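Visitor: If you want the building blocks of each chain, they are given just below.
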Amino acid sequence: MQSMMGIITGTKSEEPLEEITQHRCMAAVPFGGRYRLIDFVLSNLVNSGIKNVAVITSHNYRALMDHLGSGKEWGLDRKSEGLIILPSASPSVFRRALCFDLKDLYANFDYLEKSKQKYVVLSGNNMVCNINFKEVLAFHQQNTAHVTVVYKEENYTNTDHQDNIFLELEDDNRISYLKKTPNKVGNSNVSLDMLIIERELLKDLIRVALVSGKWDLMDIIAENISEIKVYAYHFNGYLGKINSIESYYRHNMELLNSEISSELFFANGPIYTKIKDGPPARYSGSSNVNNCLVATGCSIEGSVDSSILFRGVSIGSGASVKDCIIMQKSTVEDDVILQNVILDKEVIIRKGTVLKGKDSKPIIIGKKNII
Amino acid sequence: MKRECIAMLLAGGQGSRLESLTKRIAKPAVPFGGKYRIIDFSLSNCNNSGINTIGVLTQYKPTLLNSYIGIGSDWDLDVGNGGVYILPPFVGENGGEWYKGTANAVYQNMDFIDYHDPKYVLVISGDHIYKMDYSLMLEYHKKKKAEVTIAVIQVAKEETGRFGIMENDENNRIINFKEKPKETKSNLASMGIYIFNWSVLKEQLNEDEKDSQSEHDFGKNVIPAMLKEQRKMYAYPFEGYWKDVGTIDSYYKANMDLLDENPKFNIFDDNLKIYSKAPFLPPHYVGPEAKVKRTLVPDGCVIMGEVENSVLFPGVYIGKGTRVQDSIIMPQVKIGDECIIKKAIIGENTSIESNCRIGLDNSNVINISDITVIGDNLILPRGMKINRNSQMASWHVNKTKIS
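As they're listed, the protein sequences go chains A and B.
All letters in the first sequence, in the order written, are residues 1 to 371 by the numbering used here.
All letters in the second sequence, in the order written, are residues 1 to 403 by the numbering used here.
What the hints contain is simulated information worked out from the structure, not anything from laboratory work.
Because the structure is a prediction, the values reported are computed rather than measured.
Wrong hints could be hidden among the right ones.
[To be verified] Using 27 Å as the maximum straight-line C-alpha spacing, the simulated DSSO-like pairs for lysine-lysine come out as follows: (1) A:K72 x B:K334; (2) B:K264 x A:K276; (3) B:K334 x B:K385; (4) A:K322 x A:K72; (5) A:K72 x B:K320; (6) B:K385 x A:K322; (7) B:K385 x A:K329; (8) B:K178 x A:K274.
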């Protein structure tokens, strides 16, 4: 019997990814050539021995449901437990404000009651990392904590921090204070939107929320920080937190660094994803490819440099693609020049077109556009 | 459990002419085309034809094949009302015996077929590279009211000596059959794909079993015996790509055919898709100084050097300054820096340390089949030279360092 179960919640805000999240929820955003964002946290849960996983969805979830299916690729198509999709309590609210909205858990209280595991891993869905929750649990048990929040030290001088929760720590890593703005310039301890909590305590806090009308789990924890023993687990691996076009673009490009990609894809087990049975990628005699991540089913005749090609992308002869992210089944015809461009799925760029964005602001072409 | 048609897939052959490639694994488990194994084609054809009950007859070194097939889920064959059944030889109260031939293998599993109670039995082998919709052949079989239908393909006149050759009348009824004839008027070769009425096949298998002279082989014994009895036997003409990759030469050539701009065998076409068991690996990475031309590359490869005119399999690593040409590099092969590899087949999980030279030598004599074959699970130490047209195999399960 496993001692942990997992619940993957929505993200706080989906507006920052613009066109990319117009047709899909954050969890289903394509990433790294063949993955979707949810693959990382879901694989981390499975690789940590967790076999009871719930995914909360609120809107735009067709792509996500299609991707997850029965959970077969993650080994979660099981007779008992496995993968369950939980509808959100407020499906009509398109732009959500809370990461851990207890309303969603209250709406699915039966699921929490029926589950048998002692601990719940609660996690957002936009963290690209390879983390072992068994280690987090060991830390949690060692401290006899009520709640353990996973964090990482990050430098927050320039980055937009409105979505983050910052932690003040005592010497033994017990959290003394949780807040939404950093109080100093420089390194801050930032929550990864991942925590471990005892299932019974989570149920109690949902009852508290029901009485008080305050549904944000992190608010409740912050308000009761002196009564609840909350510890912080330091994650020192690679983290890609996807909360803006800038971070989406940057963290994709970081996969071209082999140290980062080998940690992310192999450290505590593989990252699972939906299998599509595409043929191997095909390079023609005229292709010229450097520093690229290329998925199956691609067909390359032109030049591609420092880019990410998803499954089934085709690059025509004489085309020149640099610093781009090109999603599944998009076609770049002959003699096209692309630089700093993100093409969503099934886009066609007609012969001879030139598109040049900036490193800081890539051009985004929405799904199924023809240009 | 009445079924219209079930398949019996012959996967027990050694494929001894593939030499080093089948030292540890059966021929159907040999990797092909960048991410497949040879048996993927038959299993995918079954799924694409709506046949979901398949008995896979295994005998020769089946460990990898068994674990690869599993419950058939990678070919969508793990269905409630059918499935893939691995059928090795077994013992009964009077002892047991090995499969003596293709027909005997099916004979020994008559209980399995009776259990599924089909009207028709499709007999195929796991040795061939082709895409085919068997349901069209079954329609043809029913339309002809045949007792057995044999798929045939036109082969070049000079190749007829390698195949079982059919002679048909104008209605495609088979009137003569010669196994590997020296001379023949026809050029229609049997593809080793048969649809039998189960009642007829059962009778024939029982008779064949009684014949002590028989080699218990479909091509050599069962089909000629049925012809003698003037059974209703029809040829089903197949047009398309079909290759028996039974030798190193034909295996090499069939892989290289996939690199053509318009390949004769199109794995890139979604029509009759080929499924396989894919490891969960990230997309492949092509390094800053790499050159990749005319090559197939699947997931999980890392290419830092140069690769031309080659087929790579999942998880291959090619080091800096290394040049790979005209080669087939199987799954999980690691090649160090500054190596040169020419016209070679490198077996699964073999490691080649830096500065090795494979497939080169000083001689000016070039044979047609100058293919160098390095077997599975070997470690070639730094600086090793292996001349053109050599073969090197391993019988060990664990990795073995060559000295």
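Visitor: Each hint: holds or not?
Guide: To see whether the hints hold, each was checked on the structure:
no.: 1; hint: A:K72 x B:K334; in the structure: violated (30 Å)
no.: 2; hint: B:K264 x A:K276; in the structure: holds (23 Å)
no.: 3; hint: B:K334 x B:K385; in the structure: holds (16 Å)
no.: 4; hint: A:K322 x A:K72; in the structure: violated (36 Å)
no.: 5; hint: A:K72 x B:K320; in the structure: violated (38 Å)
no.: 6; hint: B:K385 x A:K322; in the structure: violated (39 Å)
no.: 7; hint: B:K385 x A:K329; in the structure: violated (43 Å)
no.: 8; hint: B:K178 x A:K274; in the structure: violated (48 Å)
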